[in-house]
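Chain order of the listed sequences is A and B. Its first residue numbered 0, the first sequence is counted upward by one per residue in numbering that gives the first Met the number 0. Its first residue numbered 0, the second sequence is counted upward by one per residue in numbering that gives the first Met the number 0.
Don't read these hints as lab results, they were simulated from the structure. It is possible that some hints are incorrect.
Label-pair ranges, simulated between beta-carbon atoms [claimed, not checked]:
hint : chain 1 : residue 1 : chain 2 : residue 2 : range
1    : B       : Leu320    : A       : Pro226    : 56 to 62 Å
2    : A       : Ser51     : B       : Asn271    : 39 to 45 Å
3    : B       : Pro149    : A       : Pro157    : 29 to 35 Å
4    : B       : Leu320    : A       : Thr173    : 29 to 35 Å
5    : B       : Ser80     : A       : Ala79     : 29 to 35 Å
6    : B       : Pro149    : A       : Glu234    : 57 to 63 Å
In this text, a Cβ means the ideal position worked out from N, Cα and C, and glycines have one as well.
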Amino acid sequence: MMVFASSDKGGTGRSVTSCNLAYRLSLLGYDVAYLDFDFGSPTAGAIFEISSLERGTAEGGLHSYILGRVAKPMRVDIRAVTERNDMKTRPPGSGKLMLYPGDDGGAEFALTKPHIKKAIALFEQVEREFDVCIVDLSAGRSSALDMSLQAVSPNVRPRSADPVRWLLFHRWTTQHVIAASGLLFGTNGIISCAANAGFGASEFTDLVRTIRTAVPDSTAFGTNAVPEQEAWLRESDDILKGLAKTRHLGQDLLAGTTPLEPMLLWREQVILDVDVKRNLAKQATTDAFDKLAHKVINSHAWEGF
Amino acid sequence: MARPVAPSSETTSPHQPQVVLGAVTTGLLNTSEPLPLDAARQALALVPGVEADWRQYPVEQVVSPDLYLGLDCRLAVSSGSPPRIIGTARARAVLTAGHFLQGSARVDVLLGASKRRLPWSHYMAHTGVAEAINKARPADIVTGFLEDRPAKSILDLGNTGAHVMSLLDEVPQIDRRARLKTQTHRLLWAALVQEDVEPDGHVEAGDDGVFRVQMSMPSELLPDFMEMCEILALHHWLLAALKNAFDRSSRTGPSAERELEAALSYLGHVWNPKAHLPHAMRWFWDALEDAAQLSWEWQTTLTRVRDKVSLLTRKAIEETLLREVL
């Protein structure tokens, strides 16, 4: 299964949520590959705490592979190379967790047919080994996004192949909702690109779900939230829900929400169960990631939104 | 039904290659069911006008004609500066039991033939041979090649094998619906050619999952040795694929029944390393079996898979009965 992670703007928590999603899926027993297609700033290495890949790899990463500079992209077993001690051991019953890093200093490129062919070959290869392949795309429109759409379009991908999911991450604010809606539905947006790549518009919309990240609740005011603050928060939330609905990003398209998590605000990293045990992270955060992981993998839930 | 044996070039070459390097890449053909023999023969006719070799018993196997790929690169060596080689590598695709695809690549390295690059026609006259234009010791070439540290402009025969495998992607019968999650493996081999020695060699299993085979032998044994490496690569891959499926069936995520069903129907019937093993290589295989016990491990793993299927079936029956009682 290919899962694409896109977002309207930087700083939405797309990469950090995707990395956490990958980690939770591997704990559930699935073999997971994480493909860092954020060619401008590959950060997955930093989130998984692999210091040699903090800004991507020096050579032979996905960017080099797509450009045809190497025949085989570099890949690393995250548990074998992470510096995070608690993440090093593979719990019994869990699956593989592999990172395909981007290149340090990789940049935008003009998309051509050979690039798309490379992407098709890459996707085929990772899908044969892994249950879930998460492709982290850079914020906004990019060649990587276009290339991905072309590589999974019905013109080249047999209908019998595993499902494709498209996740759109956005923060829960007025500006982000408007921007996310623009990225998806606007002129030259994802849906119009998908149509150019050979998808039917409604067929592609069925693949898309949104994820609202860092959604605050009343605890954001501190422990002593007063009723006025709670009421205000509820009201703001309702206004945003109304806005999302008019922008076609309502409940029917929602895959999940992740709560505001101080641990992620300070440091973008993978939240482990021990972090929750040590009271560093909220239980609600790992619960949200788990819920998301189940939704992504479950075809029934995906169709039945 | 016989496979090609003697490489045509060696009879015409004035020198014998001192080192022969090879790599076998092994994976599952991406189809839900094995390719029937006639379809496989069509698919592996990779050179227009040349038919693929095939044999039906005891295990179906189809071998593509040799493809030649131009080389101008450097060889990794364990000490000294990497020598530049120019010439061609030969590569072929091997499909066993309609489902297990291998890309097998080989290059014969000729040392000390010339000190500068000659016109391409010179190299085309000796296909499958690459000439080194800098000095290097054969033993250093063997060690450097088997270390397998990929770098820019260094010979990577594993990729050549993968390339040959990818030539089959366009075959219409390939429905991309393989039900088993598998990883592509590579095996590297290197031979020191010495006419007056008894063949002697060893196999190393690396941390990276790569088998490395090294042997000194007279040149007449090369085709047999290469075939044995293909057989070893295939059976190492089969074992890894079966163990992976068993491991996956013990997890909560993927469905245990589906994993085991695919493992049994794809892999259960194909273990037969001696089926096509050349006679001249039996001693090597027997020594390997003695040390690594691959066949024993295969049998044990297969028994575990079958036992698990029985237990899951019993559990399913009991649950159904219980539901009927309630």
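Worksheet entry | Range hint 29 to 35 Å (beta carbons of Leu320(B) and Thr173(A)) holds or violated | Between Leu320(B) and Thr173(A), where Cβ atoms are some 59 Å apart, the hint is violated.
Worksheet item: Can the suggested window of 29 to 35 Å be confirmed for the beta-carbon pair Ser80(B) and Ala79(A)?
Response: holds, 32 Å
Worksheet entry | Status of the given 29 to 35 Å range, CB of Pro157(A) versus CB of Pro149(B) | holds, 32 Å
Worksheet item: Is the hinted range of 39 to 45 Å satisfied by the C-beta distance from Ser51(A) to Asn271(B)?
Response: At 44 Å between Cβs, range holds.
Worksheet item: Per the hint of 56 to 62 Å, is the separation of the Cβ atoms of Leu320(B) and Pro226(A) within bounds?
Response: holds, 57 Å
Worksheet entry | Whether the CB-CB distance between Pro149(B) and Glu234(A) falls inside 57 to 63 Å | holds, 59 Å
Violated hints amount to a single one, hint 4; each of the other numbered hints is respected by the structure.
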